[in-house]
Amino acid sequence: MEALGLNMGFEETELRLGLPGNRVRSEGEGSRKRGFSETVDLKLNLSSKDTSEKVKSFQKEKHPLPRATDPPAKPPAKTQVVGWPPVRSFRKNMLGVVQKSSGEESDMAGGNNAAFVKVSMDGAPYLRKVDLRMYNTYKDLYDALGKMFSSFTIGNCGSQGMKDFMNESKLMDLLNGSDYVPTYEDKDGDWMLVGDVPWGMFVESCKRLRIVKGTEAIGLGKYLLTKVFIGRAPRAMEKCKNRR
Amino acid sequence: MNYFPDEVIEHVFDFVTSQKDRNAVSLVCKSWYKIERLSRQSVFIGNCYAISPERVIGRFPGLKSLTLKGKPHFADFNLLPYDWGGWVYPWVEALAKSRVGLEELRLKRMVVSDDCLELLSRSFVNFKSLVLVSCEGFTTDGLAAIAANCRYLRELDLQEIEVDDNRGQWISCFPDSCTSLVSLNFSCLKGEINLTALERLVARSPNLKSLRLNRAVPLDTLQKLLMRAPQLVDLGIGSFVYDPSSEAYIKLKATLVKCKSIRSLSGFLEVVPCCLSAIHPVCQNLTSLNLSYAPGIHGNELIKLIRFCRKLERLWILDSIGDRGLGVVAFTCKELQELRVFPSGVDNAAVTEEGLVAISAGCPKLHSLLYFCQQMTNAALITVAKNNSNFTRFRLCILDREKPDPVTMQPLDEGFGAIVQSCKRLRRLSLSGLLTDQVFLYIGMYAEQLEMLSIAFAGNSDKGMLYVLNGCKKLRKLEIRDSPFGNTALLTDVGKYETMRSLWMSSCEVTLGGCQTLAKKMPRLNVEIINEDDQMEFSLDDRQKVGKMYLYRTLVGPRKDAPDFVWTL
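Protein sequences appear in the order of chains A and B.
Going by our numbering, the letters in the first sequence line up with residues 30 to 273, in that order.
Going by our numbering, the letters in the second sequence line up with residues 57 to 625, in that order.
No lab work stands behind these hints: they were computed from the structure.
Careful: at least some of the hints might be erroneous.
[What the hints assert, rightly or not] Facing chain B, according to a computed beta carbon distance under 8 Å, are these residues of chain A, among others:
| # | residue |
| --- | --- |
| 1 | Gly-112 |
| 2 | Arg-117 |
| 3 | Arg-162 |
| 4 | Asn-165 |
| 5 | Gly-224 |
| 6 | Val-232 |
| 7 | Glu-233 |
[To be verified] Short, incomplete list of chain A residues facing chain B, as computed with Cβ under 7 Å:
| # | residue |
| --- | --- |
| 8 | Val-111 |
| 9 | Ala-153 |
| 10 | Pro-154 |
| 11 | Leu-156 |
| 12 | Tyr-167 |
| 13 | Gly-229 |
| 14 | Met-230 |
[What the hints assert, rightly or not] Simulated restraints on C-beta separations:
| # | chain 1 | residue 1 | chain 2 | residue 2 | range |
| --- | --- | --- | --- | --- | --- |
| 15 | A | Ala-153 | B | Asp-232 | 24 to 32 Å |
| 16 | A | Met-221 | B | Arg-207 | 52 to 60 Å |
| 17 | A | Ala-153 | B | Gln-287 | 30 to 38 Å |
| 18 | B | Thr-195 | A | Ala-153 | 42 to 50 Å |
Source: prediction; values computed, not measured.
C-beta atoms are modelled at their ideal positions from N, C-alpha and C, and glycine is treated no differently.
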């Protein structure tokens with residue numbers, strides 16, 4: 030997916046589990062979609078029973094050799110191998126489930142778990158999912174959301190988006206003109222502003238996240254949080270410029 | 057000693073508890089053999105296919121406790137097809153038919169069916185203890201049978217098992233009259249559990265010392281359970297998700313302070329990664345801590361926790377602790393004897409040689425190590441060997457296969473060589489990284505007490521394997537994968553394998569012809585070739601390389617339950 034490929038070079042350093050041909054796409058809705066789901070799998074699915082092979086390579090490939098001469102984007106050349114590293118399937122599956130702690134499970138239990146939540150952003154073509162337990166602070170969360178959605182703040186994918194991107198003034202309008210405010214739906218179904226309550230309490234009560242355009246968030250009050258949130262994007266923009 | 061009546065000798069033998077010692081005793085003379093076998097209560101069978109249940113029962117009619125191991129170790133890493141074997145049903149069936157008063161059954165890497173559990177639960181009136189480690193094949197229905205029928209059950213311990221969870225009410229199947237539980241571990245179950253039934257069970261189990269919960273047990277239930285069982289010594293927490301201001305949490309904090317007996321803590325299968333302060337009072341007395349299933353505890357919270365654990369003897373942790381965290385462990389845990397660092401699969405989380413060096417310097421009592429790391433250097437291993445010559449178990453897994461010393465780009469022969477030379481009591485060793493035949497020369501020369509050796513992607517030639525087979529006189533288990541050892545190494549000393557429990561070789565250079573030669577020469581070995589593809593069916597070419605070979609000594613010949621894809625030569 031082109032937009033994801035431009036995403037601060039982040040995707041380049043993310044190792045893919047798919048075949049070599051599936052990496053960066055430069056055209057088409059269909060290919061973009063596939064790229065997206067690959068990314069989701071890579072980031073958020075640590076393991077599942079059926080893909081224990083994937084996990085093994087994932088665990089191994091996540092530690093590229095620390096050679097200074099290698100550009101950081103280059104993945105290790107070793108092939109996947111059954112049973113390496115030697116970790117019991119039970120442990121791999123447990124860690125996957127524990128880290129994932131699927132939303133489905135918590136729905137059924139109706140319990141206090143607030144792990145995977147959907148994240149929507151106004152204007153973005155599709156939603157994302159994050160595991161709130163991967164983060165320790167609000168800042169961590171904003172960083173992650175920023176990385177996920179900065180492609181959308183930059184503009185649409187495809188050639189039109191590229192043109193917009195190249196047009197710096199239009200980009201700055203987009204970033205500075207409208208505030209993006211993170212909000213969330215809590216257990217009671219109310220829409221709240223992210224950041225008011227202690228992190229732990231937020232994790233427990235958050236059911237979904239919505240990143241709202243400032244103009245719509247007036248009811249919640251314009252918030253300085255957007256500074257932190259938008260602060261990601263200009264850097265993203267620079268990195269993308271450099272890649273071009 | 058023949059002047060003493062048998063009863064006196066038997067009484068003396070009561071003090072001989074280790075199986076090894078009792079085996080030795082039984083070899084002295086016929087009279088001792090007879091007295092020993094009639095009085096033996098506890099039998100350990102390291103390979104369930106080395107002997108038949110009938111012969112075990114015949115020799116030890118007074119058997120009360122049986123430990124059985126099935127699949128070879130590499131089965132843990134998906135190297136063995138699912139249906140290879142290790143079914144325990146024939147054993148339970150034979151025991152049930154006999155008049156053995158079985159009280160305890162401990163199984164590792166065996167296949168246990170619900171029918172088997174049902175039969176077990178109905179056949180032995182005094183059955184007290186069931187411990188299953190890395191087993192498979194049963195559902196919670198089988199557990200329900202155990203709960204319902206074993207009236208004097210003391211121990212039900214399930215470790216690292218994928219159980220098909222029918223979300224049945226197995227925990228409700230413990231009758232009200234069951235008050236004898238000492239140990240209950242169901243942490244590996246994934247499904248819901250009847251919390252009320254669990255609370256009532258704990259309330260009527262005054263002897264309960266060990267309780268390990270699964271993730272379906274929430275915080276408020278945990279608090280109620282702890283109120284009922286303040287005498288707990290070993291606790292496995294399921295879910296630790298809370299709102300710090302909630303009443304449940306405040307209550308739990310207060311309850312935990314009262315649990316002064318807890319020495320072992322594990323679990324945290326679900327945890328909110330912020331404040332673990334409720335646990336801190338418990339940490340001060342802990343001797344064992346297992347956070348290897350708790351990726352949610354990391355960074356500063358983890359380090360804060362560790363700082364309280366001054367008495368820790370055993371620590372299982374994820375590599376997200378980092379070298380810095382290991383430094384804190386080294387500084388704090390001076391009583392540490394066993395350390396296991398597992399891979400968390402998280403980027404930038406791995407530990408390196410630095411962490412290991414810090415630990416070896418700071419923890420003088422450390423003797424058992426399992427360490428998954430990003431890299432290792434010869435210099436570090438040499439330093440570790442200098443700091444600590446106590447290792448009995450040293451298992452190092454460098455995640456990147458065949459990785460050399462990143463500083464010198466040399467193989468790690470010298471580093472491991474230093475370890476085996478220094479640690480004269482080393483019994484178990486696992487190697488990784490780039491290794492040549494030289495490391496095996498060192499192992500053959502110095503590792504005199506070595507009983508188990510695991511080799512992967514190592515060595516250059518048959519010489520490597522030969523050094524080990526010739527040098528390690530006490531070797532019992534040798535497992536090798538993806539290493540260039542072939543027929544010469546395999547066939548040079550065929551008698552050696554009868555002194556060992558088993559040999560595993562996969563993706564090496566041994567051929568079908570070599571294995572057949574071995575099988576012919578050694579009738580008391582089962583030489584199994586495990587074929588997953590159909591290749592070998594169509595070409596019985598002696599020169600064909602064997603994918604997987606597993607050989608083991610046995611008194612009962614080829615097993616009758618081998619599936620189609622296993623050839624016993």
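Earlier hints that do not hold, by number
Checked against the structure, the hints that fail are numbers 5, 9, 10, 11, 12, 15, 17, while the rest are satisfied.
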